[in-house]
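Student: Chain residues, written in single-letter form:
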Amino acid sequence: MRLVLVGTSHHHAPVELRERVAFDADTAREVAGRLGEAVVLSTCNRTEIYVATDDPDAAEAQAVAVLAAAEPALYRLRDRAAALHLFRVAAGLDSLVPGEGEILGQVRTAAESGTPGLLLDRLFRQALHAGRKVRAQTAIGESPASVSSAAAALAAQVFGELDGCRILMIGAGEVGEQAAKSLHARGAEILLTANSKTDRGELAAQLANADVVVSSTDAPGYVLDAGTVERNRRGRQLLLIDLAVPRDLDPAIHGLDDCFLYDIDDLQAIVSETLAGRRSEAERAETIVAAEAEKFHEWHASLDVVPAIASLRARAEQIREAELKKAEGVLGRLGESERSAVESLTAQIVNKLLHLPTVRMKQAAAAADGVLYAEAVRHLFGLGEDER
Amino acid sequence: MAELLFWPALLLYGEAALGYVGEARQPGIAGRAALWGVRLGWLAQTAMLAVQAAREDGFPWSTWAGSLNLFVWFVVTAYLFWGSRRPYRLLGLTVMPLAAALLVVSRAGGGTGVGTRSHYSNLFLVVHVGLVLAAFAGFTLTAGLSALYLWQERRLKQRAATILRRPAPSLATLDRLSLRLVAFSLPALTLGLAVGVGRLIDRGDAVDTLVVATVVTWFVWAAYLVARLRGVTGRRAAYLALAGFVLVIVVRLALPASHFA
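Sequence lines, in order, name chains A and B.
Residues in the first sequence are numbered from 52 upward in steps of one, following the numbering used here.
Residues in the second sequence are numbered from 25 upward in steps of one, following the numbering used here.
By construction, these hints were calculated from the structure, which means they are not laboratory data.
Mixed in with the good hints, there may be bad ones.
Stated by the list, open to error - Every beta carbon over 12 Å from chain B, so not counted as near; a handful from chain A, in silico:
#	residue
1	GLU151
2	THR166
3	PRO271
4	ASN283
5	LEU431
What the hints assert, rightly or not - If you want the footprint, here are the derived chain B segments under chain A, 3+ residues with CB under 8 Å:
#	stretch
6	170-182
7	253-259
Stated by the list, open to error - The calculated lysine to any residue pairs, modelled on SDA-like cross-linking and capped at a C-alpha distance of 25 Å, are:
#	chain 1	residue 1	chain 2	residue 2
8	B	LYS181	A	LEU434
9	B	LYS181	A	LEU423
10	A	LYS232	A	TYR273
Given the structure is predicted, the values throughout are model-derived calculations rather than measurements.
All C-beta atoms, glycine included, are put in the ideal place defined by N, C-alpha and C.
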């Protein structure tokens, strides 16, 4: 059984091309069903078709036909390379943001909605295991990868758990909204959404109740100055996130005790640093993924020799049973315990004789000589055509 | 034997102190090595104290050095079983260098040697010394948390780009934990002092400088607690805790050898 992968991703195709081969869940399920033992992984960054087949050329041609709209940007991988690719995808190593966690769920969903048999089921289960292992043993997914998530992580550095923290939103810029969403997802609540035209008195009054201020208006001057903040916050610790250009919040606010003001440049510097950290963690993750992919490869390769091993063992057992039957005249005179000892002895001899050849065949399979060894065993032991 | 166990304890605490410096710069292997240093060092020091207890028929830590040694053990024990949990592990950055330094001082001041036998009962010494040292260990950890608070606050003020790559406990958490520790430690000190003063009066002994200094320390930490309950938080509270800790160190290092004689 061979493994075939055909696909395209953000590394190879711009969004205009990727959107032509993006499948919703129903279409992905239908395509997988049409291709036999297959799984279709379709996310905003990639569309990939994994097929387990005995005829890799035909399967590849079928998959290419499905993704024909992205033909110039398609990649085609097989067996070991295809498995390693999926393991890297599941670990987030092939993602736009290294280590992003969403892909693991997408891989799981794809496997569940595909039509995997023995090979693809094992491949996807092991890929998910590799993805989880990378996240558990490295810090690749721990640090924020966007300005909005960095704002939320900063708030957690000041306030710890954000349950009960109150956000004062000023303006409705897209990044500001995302930052508020990130904060809200961690348990913070939005106290007030104001804009640059909101009465300054009302805005100032709300400072007394706010823990985090997120500002992203297009106002030409400062929406809040240091004096207003100092007069109205009533000694509370305050984190202020200024996402606007030109800036909404007076930089002098940062000089106040227990006030921490971060502007868009500060946040971008933090994100750059954390992304650099993710990239260095990615080196450790690659080692983990390679080891897991190697384990899968060994298992996959052993599939070539499993039928020969099974035939050999069946043949040996057949001979053992036949010889015991021949000796029935003598064995019949033995007591129950003696007879059981003879049965056990013959079984042990067969097992011990076959142990080393079995191990060696599996090792040879992992080294790509498996098929040759399997043929040699069939020839030497006269395992018939019907057993193939 | 106790002498032999002193050196591994000291070396492992020193290794832990260096490991935490490494952890603050680049989280990972240095932090794990530091934690193992704390664990193994603590085992060595515990074994050392056990050997001391086994070879004495009285309370073995009534000497200046012995009491300092026991104080270090209290501090490291509290850190190991409470402070070394993942979110607060960097507390070791402030606690372990101090533990190693005080162990060196205790060595210079007499090491594991035995002093003259105290005329106080063992039960009294265990309760009085145990409570006072446990309270001082709590104040020491509070000071460690406060130092960590000031470090974290400084990073936030500097807008360090690495702040999320090397996360530390949040300011709110450090502030809250400091208050809880003092709320536990101050009653322990109060009780330990009360037992000591009660025995002092009972025996008609004189008040020495150590008793006076300990009472002053009590007042400073009581002031800290009152201030916190009145809403003083953040940097001011952290500085107050560090001031209280200076007194703890003064009391520990200025302990007259004759105090328990």
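Student: Are LYS232(A) and TYR273(A) close enough, with their CA atoms no more than 25 Å apart?
Tutor: Measuring from Cα to Cα gives roughly 24 Å; hence the hint holds.
Student: With a C-beta cutoff of 8 Å, work out whether three or more residues of the stretch 253-259 of chain B approach chain A closely enough for the coverage to hold.
Tutor: holds (count 4)
Student: Just want to verify: LEU431(A) was marked as not at the interface with chain B; is every Cβ pair farther apart than 12 Å?
Tutor: Its Cβ never comes within 12 Å of chain B, the nearest being 52 Å, so this holds.
Student: Does PRO271(A) clear chain B by more than 12 Å, comparing its Cβ with all Cβ atoms of that chain?
Tutor: Holds: least Cβ distance 25 Å, greater than 12 Å.
Student: Please count how many residues of the stretch 170-182 of chain B have a CB within 8 Å of a CB from chain A and say whether that reaches 3.
Tutor: Contact hint for the stretch 170-182 of chain B vs chain A: holds, 3 residues under 8 Å.
Student: Are all C-beta atoms of chain B more than 12 Å from that of THR166(A)?
Tutor: holds, 42 Å
Student: Is the nearest Cβ of chain B still more than 12 Å from the Cβ of ASN283(A)?
Tutor: The assertion about ASN283(A) holds, with a minimum of 17 Å to chain B.
Student: Checking one constraint from the list: CA of LYS181(B) to CA of LEU423(A), max 25 Å. Satisfied?
Tutor: Violated - the C-alpha atoms of LEU423(A) and LYS181(B) are around 68 Å apart, more than 25 Å.
Student: For GLU151(A), is the shortest CB-to-CB distance to chain B above 12 Å, so the non-interface label stands?
Tutor: holds, 16 Å
Student: Against the 25 Å threshold, does the CA-CA distance of LYS181(B) and LEU434(A) hold or violate the hint?
Tutor: violated, 78 Å
Going down the numbered hints, you'll see the structure goes against 8, 9, while the others check out.
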